[in-house]
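Here's the letter readout for the chains.
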Amino acid sequence: MDAQALQTIVGVIDKRMTRQVKQYLDICARCAICKDACHQYVGTDDLTYLPARRAELIRQVYKKYFDSAGRLVPALYEARDPDDALLDELYTSCYACTGCRRCMYYCPFSIDTQQIVAIGKAMLIAVGRGQEMLGQLADAALFKGENVEMFRDVLVSGFKDIEAEVREITGDPEATIPVDKQGADILYVALAGAHSIRPAAVIFHEAGVDWTISLFEAANYGYFFGDPEKARLIAKRFMDEAKRLGVKEVVVPECGHAYRVAEIFYEAWAKEALPFKVSHILEVVDRLIKQGRITVEKGRIEGRVTYHDPCQIARNGGIYEQPRDVVRALTDDFVDLIPNRAEQWCCGGGGGIVAIDELRDVRLKSGSKKVEQLKASGASVLACPCENCRLQIEDLNEMHGLGLQVRQVIDLVVEAMPLPRSASAS
Amino acid sequence: MPGAAREKGSTMSEEIKVDLELDLKGLLCPLPMVKVSQNITNVPVGGVIRAVATDPGSMADIPAWAKSTGNEVLSAEKQGNEFVFLVKRVK
Chain P
1 MDAQALQTIV
11 GVIDKRMTRQ
21 VKQYLDICAR
31 CAICKDACHQ
41 YVGTDDLTYL
51 PARRAELIRQ
61 VYKKYFDSAG
71 RLVPALYEAR
81 DPDDALLDEL
91 YTSCYACTGC
101 RRCMYYCPFS
111 IDTQQIVAIG
121 KAMLIAVGRG
131 QEMLGQLADA
141 ALFKGENVEM
151 FRDVLVSGFK
161 DIEAEVREIT
171 GDPEATIPVD
181 KQGADILYVA
191 LAGAHSIRPA
201 AVIFHEAGVD
211 WTISLFEAAN
221 YGYFFGDPEK
231 ARLIAKRFMD
241 EAKRLGVKEV
251 VVPECGHAYR
261 VAEIFYEAWA
271 KEALPFKVSH
281 ILEVVDRLIK
291 QGRITVEKGR
301 IEGRVTYHDP
311 CQIARNGGIY
321 EQPRDVVRAL
331 TDDFVDLIPN
341 RAEQWCCGGG
351 GGIVAIDELR
361 DVRLKSGSKK
371 VEQLKASGAS
381 VLACPCENCR
391 LQIEDLNEMH
401 GLGLQVRQVI
411 DLVVEAMPLP
421 RSASAS
Chain W
1 MPGAAREKGS
11 TMSEEIKVDL
21 ELDLKGLLCP
31 LPMVKVSQNI
41 TNVPVGGVIR
51 AVATDPGSMA
61 DIPAWAKSTG
71 NEVLSAEKQG
81 NEFVFLVKRV
91 K
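Protein chains in written order, with the numbering used here: chain P, 1 to 426; chain W, 1 to 91.
Just chain W, with the same shape it has in the complex (with noise of 0.2 Å):
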């Protein structure tokens, strides 16, 4: 569902409008990747998608895609177990 990232510790996701969440734990690498790749089209260009993962391969696949395809990962952090990313559709 649409809506603003409310998670302590993250000065960005408090700030930034969020269009989707994804709750990807307990998916082991590389499908958090693949499943930011296919919501990535269900935001509008501009729109942030805000994805929690637990695996940590997360922490490298998923800014490396946003390399390759041309988006913008705005943060990757470590919550306590969890990995936090805002990634951008930038195109």
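Looking at chain P on its own, in the form it has when it is part of the complex (with noise of 0.2 Å):
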């Protein structure tokens, strides 16, 4: 490594360390009670995967350059130059974190491995070797954002096509998707496919909601790149959009991280309170169902039907009860996960993992303890509402024949609403 690019390095650990992580780098015991909480530790049995061991690669650099006994005596104290064997490692280990914090659930100390491991994404970053795929999604979105005028005729033109099939579905030949709708009540940012537009749209609908769609997607790449300022600046594309449009609150979709980035991180990354609250799609859908404004049946969803906890929403975010309260208006049958809600395991889809096709292999053989959960539920349906949990738990499904039904929340919702044709809507 040259002279320069160390530089870089630890420039980055000076500028990013806070007390808080030198504090969980200083008080991990080396219990590792995390080697049993970790999805992917017990997936693999591969040190690589330790959230301890996330720790100690950057323990290691911190000590040699920031720790006056690590700069003296640098083999007694377990100090090390940050060479291309260990950044091979960082970038194995940090981009493969799906960052569900289920090790800093578990720790005796709280040590939140997700914070150290943004250190050690901010170290690749700087000296070029950020996860390449992830970059380019975070710069796609960025993209977009600034240049608007470029996708919005396309964009429109997509949107229409997806009304046409809400009028299919409503019977309403009125049915809308309204776009940049001045004084809404809801600011609803989908992802970029139209499965997470059609069923919300035909949700709002039917409840009467007055309601206008995002022109940019919840989904935030920069997140899991790791690059604060472009998670930032692709968040502020809907942000500023919904302050422009005088919204009284943003609604988010089934993505566990768009949830976790608007309700939980944004404010303080932008240094301002915002003027609307932030939902996730299912608290808005419980609250549409308990005010009596959609009618949902029981009987339409055949089979026993479970519920995943995806990490960023549930344990990372607070969001309980609602979801489960919405599946629960759905069907008679419905059984928990085990372990579930805060304890709940990670699928391993998380953290922007199922983009990087290198660590596809870690991926998969880290869903083991999902797949035990979700055979002894005996379900034959999975309402999920994280896009990436999806996208996991259907290779999952497909790898061990679990024969089950991996669907939206809200396409559930859209099924068991007594619709012209809600069969469809998914």
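Hints are not guaranteed to be accurate.
Label-pair distances were calculated between CB atoms; the ranges are [to be verified]:
no.	chain 1	residue 1	chain 2	residue 2	range
1	P	LEU47	W	GLY80	49 to 59 Å
2	W	THR41	P	ASP361	12 to 22 Å
3	P	GLU267	W	LYS17	45 to 55 Å
4	P	GLY299	W	LYS17	49 to 59 Å
To be clear, the hints were calculated from the coordinates, so they are not data collected in a lab. The beta carbon of each residue, even a glycine, is placed where N, CA and C say it ideally should be.
Build the complex: two chains, separate frames, hints provided.
Structure follows, in structure tokens:
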């Protein structure tokens, strides 16, 4: 490693190492409780994926440059230069981490591995070793944000196609997908795909919600990539749109990290208080069902239904009960996975890993606990409100022959609504 | 498999030699963009990928990816329920 790259990495550590993270590095007792909590270590039995090992790589470099004992006697104090071997391992361990924070939940000191991994990613990005695909996805999102007029016609044309399907499903030729509606109550920030727009549009239409759709997608690959500034700018696209339109509520779709970015992180990143609330779509759907604004009928969903808590919505977002209340409104045959809620196993698909081809084997192995849970549930339908989780569990479903239907919750809701063509909404 | 595009109604794709065909039908965004990106190095510089997707989000995603990575979308056309892209590797 040349001197400039070394200086860059040391500079990143100096800038990003907060008092809190320093304490995490100091306080870890190497008790290895995290080995039993991490789905990735449990599934692979590979030390690279042990949460404490992830921290160890960064601790070694930190000690070499910021700890007097490590600086003077590096061999004795496990201090080390960030050589190519260390950076290669750091790349794998950081970009494989799904940021589920299950290790933190079980750690006796509540060490937040995700904060440590964020420093690892920042070190890698600073020397041009960031994960390329995630970087490309982030840059494409930023390009769309900076050139929204270039894409407006194609996006609106896509919305019109989906609107035609919504009209067919609801039987209402006047059903619309409003765009740029000033003063709407809700700005719905969907994913780029039609699948996250269509069922939400049906639900909003049937409930008589005053809404409008965002020209931007909620997914945030800047967050997965590990660049907080890109992540902020990607989210800023729709936060600025919401402010311009004067909406009362920004609603994010069935996407775990999108919720966490918008609700948990954005105000701190942007250093501003938002003039509207941020909700997950299932909080809204739960509200609409409980207010009697949409009708759902039990018996339309066949088979036992279970529910997967996406880590970014549940353990890291605090949303446990509303999605369960929604699912319970659709069926009498609901069974929870065990464990569940804050103790739920990560499926292994978060953190952007589903877009990283080179980590596919690790990803699939790391789903072993989720496969055990799903088999034990006896369910034939999985309600799963996160895109990355669904992609992962669909792969596990195929690989292990689980015979599950892996469904968006809002698709199940539309299926349970007495509509002219509800079954084809998904 | 490398081959010439034969899609009717796509004048550009009738004229341009295609080096790699990608069937991205059924994939939800951003996966069509991810697959194009993962495969772009499987064609030579100047080579062309013909990708067929069904998710309408790909009509914004793939051109945005191409612009931000310095590659070129030669055409992006809606054909029935499919979205057909010719993507040229520039570098």
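Hint numbers not upheld by this structure, sorted from lowest to highest: none
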